[in-house]
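Student: The chain contents come next:
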Amino acid sequence: MRLTLKVWRQKNPSDAGRFETYEASDINEHMSFLEMLDVVNEDLIRKGQDPIVFDSDCREGICGTCGFVINGVAHGPNRATTVCQLHMRFFKDGDTVVLEPWRAAAFPVLKDLTVDRAALDRIVQAGGFISTNAGSAPEANSLPVPKDYADRAFDAATCIGCGACVAACPNASAMLFMSAKVAHLGLLPQGQPERWRRVRNMAARHDAEGFGHCSNHGECEAVCPKGIGLNFISLMNADLRTSVFRG
Amino acid sequence: MGVPFAREYGGLLDTRSFGGAQVSRTFYARGQTGQQLLLGVYSALERQIADGTVTMYPRHEMLEVVKVDDVARGIITRDMLTGEIEAHAGDVVLLCTGGYSNVFYLSTNARGCNATAIWRAHKQGAALANPCYTQIHPTCIPQSGDYQSKLTLMSESLRNDGRVWVPSRTGDTRSPSQIPESERDYYLERKYPSFGNLAPRDIASRAAKEVCDEGRGVGPGGRGVFLDFSDAIGRLGEDTIRERYGNLFEMYERITGEDPYKEPMRIYPAPHYTMGGLWVDYNLQSTVTGLFVGGEANFSDHGANRLGASALMQGLADGYFVLPATVPDYLANARPTRVDMTHPAFQEAKQAVAERIQRLLSIKGERTVDSIYRELGTLMWNNAGMARSDASLREALARIPQLRDEFWHNVRVSGANEEINQSLERAGRVADFLELAELLCIDALDRTESCGAHFRVESQTEDGEALRDDDNFTYVAAWHYGGEGQRPVLRKEPLDFENVHLAVRSYK
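Quick mapping for you: the protein sequence lines, in order, are chains A and B.
Heads up: the first sequence begins at 142 in this note's numbering, then just goes up one per residue.
Heads up: the second sequence begins at 628 in this note's numbering, then just goes up one per residue.
Excised from the complex, chain B in its bound form (with noise of 0.2 Å):
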């Protein structure tokens, strides 16, 4: 793809360690490797849309997964400079639409990202699986007021030569300068001495956590710690720190206006990718027939937690490997007939897409779209974030209706529908995570074990650590639509571990 990635002296790729590994075994291109392979990407699709291969379409959202007698046969997009709707028939369905952190409200997440497009399909028969199952990550700027819009993640490679700590004791208001070693805690390098500062993210995102719940967070707020690279810069010298992260620190410079060359980084968890999706088989097809998911929309690869770089192979191998091999085996098998525009399906859809639109215009209430948005995701994040327990989560779903209904009575929507409307594109993406939400949470108190990412404070080990049940846990759950206002129906896929036995992991 013509890819610049990092090389060694001799020409050679270089490696770098990253969260959760022991040794250097990463590409990377300095510390932005998934942006350089998104340009990438956009350089061999622009290469397709030049010979005719792809038809582009700028700036149109996906509204709904249109279906043929049970199958995916196309989908209703909506045009964001007109407003106009319009239906795309085809011969099988694809959707890399991303994850769904943004239900959080705020995340590592793009503001555009969002959850419309799998849940849609969910709503059309695909099933979803493991909504609980969201990383936190643990790099990312800590939130400096009410009216922040996103969270900046700092590359986890930070890690590799950062050293996070936080004061000994409670209230310690002194400037890091000023804080003797003897009164430090590395609380990673404590807890985890074989990983270290490089310990997976959610046990570092969930150690961060437990050390400002003790009152010994730093910065406003007390809800950050400590990234520290005096002793990388004393050891290695200022000039190959600057080589190897120059840019981060720039980037937390500039957002902070503090110089992390001369005072440690602050740092908290924020939600960052979402390992549940919409399920699929291993070609990628989902539950409903002509439905393929690839990427971080689906569910598969990452288990229940997400380790460093691994998006990316996943990105790259769904779009790249698989999916160019299974559709072309499902289109040789399926045969699918020819349907176009005309449909009856497609006049249907397109009606209900375009009744929603005016539903939410009309509504005019006396909320904006972010202000129930953002209330959507602290609760979300308070109740459903690093740690969840049964009382949290009921507490968020007896919340969660009230805030939909709210929303749908007193929301106000501005402009028209014919001409760019962001009040509106936000509108429709928060009414559907106002639903999925709810999954979400419904998923997390059912799996009353923790598991990865997803830790219930009820099924810890003594010294804090996640507790799995794996007797009663040991599947997937896919859950599938059960109809407006209906409780929907689990169905769990067993975990059979055929070559390599279920363990509990030890970064100590």
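Just chain A, same shape as in the assembly (with noise of 0.2 Å):
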């Protein structure tokens, strides 16, 4: 199939940026969409082009360092999918495609699609963890923990933190980021020291970060490549606000 790509170049961080028009001709319905991408930037590095960059590694749907937002929408047409896993069978011969990164405030344009996302690490580094060190942790089978929660926390665990909730919100919240993490460790008896403190620091960093706050549009859940729920974000909040009485 032929297909038309209309794609957000900017050269670096302090550049405008504009939309730039390439035709991908020869793409096979069994590429992924970054293997599309890849036989468009030979193609550029051949003519003496610079080609277009765009972050993948493990192109498995699972390290969450892929993603822009086709056609309006993160991660494109096919739910519960990142970029890396996304075929071009969902698209037509003769389809004009518009590629553009990630949009929030908190995510600079580093180069063309490339985000930073160093801000989601830092929401991390508030709180997303247990203060336990490897090591010193007790055997873990002496400390039972109900099927029903193991399950419920790895639900939530299985957030990639690749943004693309932050890129669909229309205020750039990373509620649902942050919630999963709040989710998973506060579900687990080894969050449970934390677990008031975690959900508070962590609250603070994503406002000075500059994300938005959450107004339950649901954009987040809908693009989300691991159909993590808008319910964590209800959990998260009912944790903050328990935690004012807490302490």
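Rather than coming from a laboratory, the hints here were simulated on the basis of the structure.
One or more hints might be untrue.
Restricting the straight-line Cα-Cα distance to at most 25 Å, the calculated cross-link-like pairs of lysine-lysine (DSS-like) are [stated by the list, open to error]:
#1 Lys977/B <-> Lys694/B
#2 Lys188/A <-> Lys991/B
#3 Lys152/A <-> Lys991/B
#4 Lys233/A <-> Lys147/A
#5 Lys889/B <-> Lys367/A
#6 Lys1119/B <-> Lys750/B
Covered, in the sense of this in silico footprint (three residues per stretch, anywhere, with C-beta under 8 Å from a C-beta of chain B), are these stretches of chain A [to be verified]:
#7 168-176
#8 185-196
#9 234-242
#10 340-346
By construction, the Cβ of each residue, glycine as well, lies at the ideal position given by its N, Cα and C atoms.
Dock chain one against chain two, each of which comes alone in its own frame, and use the hints as you go.
Tutor: Next up, the structure:
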């Protein structure tokens, strides 16, 4: 198939940026979206032009490195799928596809489709951990964890930190990301000692980084490649309220 | 670390079986144990960053090891945002930079995985041990075309409930549901009745290659075998299978567009892990004083073949338990003197790194980095992949220097150093793979026995199983860099077995 790509090109964080149009020919439906871009880039290099810069690593949807907006949707049209796992069979011959980076004040564009997501790391640094040093923890079986708690914690722990939730949110809020971390650790016994401090500190960091507040649009849940639900935001908000009294 | 391991209803840890094991003894976290441990380690690391005990340099790439008086004292990095070449001095250097499966171009490793750090260390004097021991994982989604950028691993846990088969006769192109039981060959169950579908990785991989070589492979190109869940779904119900493998089935469907609940998966082996790596002693110190190596980057722990779940074990053990004990011991005894970045050794190394980058940028040839890389990968996969022969390795050893020559004269690296330049990053890594590939083939040619994941076609039993040659090869092959264009120097570390006696394994 043949596609017309309108790609956001921006040389560096201070460049204004603009869309440029490329033709992608000989595209096979079994290619992943990033493999299609690889083909376009090979062609650009051969023509002596600058290839399109985009982040990717594992290319199997588990590392959270890739991600950009395709036709206005973070990670593109297929639900619960990162761009590296999006295959070209979801597009038709002759389609025009618009690619742009995550847009959020807290995610400055580094180049083309690559953004700096270090703000998410800083939210984790504010409390997304348990303060037990490895090697000093007790035998895991000495602390039974009810299966339904372990399962729910796992659902939250599947977050890969890609930032699609922020890109999709009209407020550029990172609440879904943060709530996944809060719920994952808050549901497990080893996360209890820091439960209230954690949620307060992470929320404060979240706001300081310039992420917006949640106003229940649900766009984040719709684009999350791991299907993490809004219910975790409710859980986090409940913890945040409780933390006021629990100190 | 706060990792949500699978629990039973009573709250205790759940276990499951793995390739090469006949009992359920492995803790797990759905189909993504490794990923969850990685996230656990990540959050523990972020905690240390917040505490100020660790300084993180994201988007930096290590390009050289710096030695002062023959002791490793620092590294040179390139800031991948600005292109700045930076020196970092320290009391020890610790490399935990992973394996080199991407020498095959297509592997289950992430795109960014590369061997530059260990290869630079090797050229600075660290011996590289057993580079020919590369593991080929049996359960990957088959390649679909030339544009393919990586191969996706389906967790090995699938072999717990999936049955592997191919049609009994060659050229059978009927859809799997049209092939009756009597015309199916469940070859792993047939050849290895006691382990069946859970035969170790190298055996399962080679068996898949064999049936495909016989022309009984399935799917486009005939490089694939079925992994069939219909029996398990019939026995346990679709819900149980969904609970165990739901995320893997979804992943498979996303990539192939086929529904594994309805038709069998197609799988084929792919490079996955490298047992070889920098030689280390029991303290994980390499042959360069002050240079320590942890995880897949070193050669220890797995011998010639790694079993399921043990890479995680090694990563966590090296990082959490071994190195925190051995590095302080080294520091207490060696008492390194103060060295800072103004030392001439750092300036020289920075200079050399910058010149190398300029050289890559100034070639301005005709071929893209990836086209040469792909050619190298194909050559390595065909000639030094699942099965190796004297002839295939000699052919590879003749081709690799030609390809390297072509790279250094005809590659085109676009852009400049002082910006994000993925073409340049990749070029540097491919240049190192072009050298490491040669050492891998030299080692594979030298070891004329079959051993673990290294299968030499000349060394097999009558029924096609790997045949070791313990009289001549019971040693670790530690290769020292011999200088530009020189043959590497082999040093043998004999293997003495005190408690366990060498025997031939049988999975039949």
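Student: Hints first: check each against the structure and report whether it holds.
Tutor: Outcome of the hint check:
no., hint, in the structure
1, Lys977/B <-> Lys694/B, "holds, 12 Å"
2, Lys188/A <-> Lys991/B, "holds, 12 Å"
3, Lys152/A <-> Lys991/B, "holds, 21 Å"
4, Lys233/A <-> Lys147/A, "holds, 16 Å"
5, Lys889/B <-> Lys367/A, "holds, 23 Å"
6, Lys1119/B <-> Lys750/B, "holds, 19 Å"
7, 168-176, "holds (count 6)"
8, 185-196, "holds (count 8)"
9, 234-242, "violated (count 0)"
10, 340-346, "violated (count 0)"
The structure fails to meet hints 9 and 10 from the earlier list, while all remaining hints are met.
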